[in-house]
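J.: Work out the full structure, taking the sequences as your base and the hints as a guide.
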Amino acid sequence: MALALVVPAMAAATVNGGCQVTGTSTSGGSIDLTTAAEWHLKKSDVAGGSGTAPSEQTAASVGAYALGLSLPIASGSGDGGTEGSVQGVSVEPYAVLGARFTVGGSSVGEGGGCSGQVVIIIDDVNPLTTVLGGGGVAAAVIGLLVLLAAMFMGGGIGSRLVGAIFGALGGAGLGLALAQFGILDATSLIGLAIVVVAAVLGLLVPGLFSRGAPGLPAA
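Numbering follows our numbering, with no gaps: position 119 of the sequence shown is 119.
You may find that some hints are simply not true.
Each pair of labels, with its calculated beta carbon distance range [claimed, not checked]: (1) D32 - L148: 45 to 53 Å; (2) V141 - S55: 49 to 57 Å; (3) G18 - V141: 43 to 51 Å; (4) S55 - V200: 42 to 50 Å; (5) S30 - V197: 41 to 49 Å; (6) G156 - P93: 43 to 51 Å; (7) I157 - D32: 50 to 58 Å; (8) S210 - G76: 49 to 57 Å; (9) S85 - G156: 57 to 65 Å; (10) G111 - V197: 22 to 30 Å; (11) T35 - S55: 17 to 25 Å; (12) V197 - T129: 42 to 50 Å; (13) V141 - L97: 29 to 37 Å.
Hints in this document: simulated from the structure, not taken from any laboratory.
Cβ atoms here follow ideal geometry from the backbone N, Cα and C, with glycine treated the same way.
T.: As structure tokens, then:
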């Protein structure tokens, strides 16, 4: 298991540990992922890769970045090896989810390990038609509309709780959509900050313009 995970774990613009990784796709042929910052694919591609390490790697983990956080995809361990490969990966299912993914990982062994990340871009997919792109925009719009409506409603605990939830939802949608359009780096904690700020606004704005809201103190 660990040997198969070594390939995506070592793929990066700059690979630490002396590992070498090559990616393959039906549309683009081979690419040296040891030095490439981005890997451009097509929706119809079948992709794969192979990697070598200067010493045996016994464990590896892979994750995808979103809102500045690394979300675990897979991990495993084994007896160790210096070579690994993954073949026959269809790109199409991932194209439904998004058009741009930042994948990172690491592998370890007694003689040292490797780590890094690579940005995978599906060139012929419009981010707006994907779950993370279009769905993120929709979530951001819904969150904004709920917060605007909450300004003219009561400012009770229930309203503030709903505001915080939809604020966080809208912030998460905005952060994910910005990453899909290449405006925001998926590894940047700015994405998480957007969620936090939106949630705080959701707590504060309910009842802001309601008729029962207290007026400003007299001079």
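J.: Looking back at the hints listed earlier, which ones does the structure fail to meet?
T.: 10, 12 and 13
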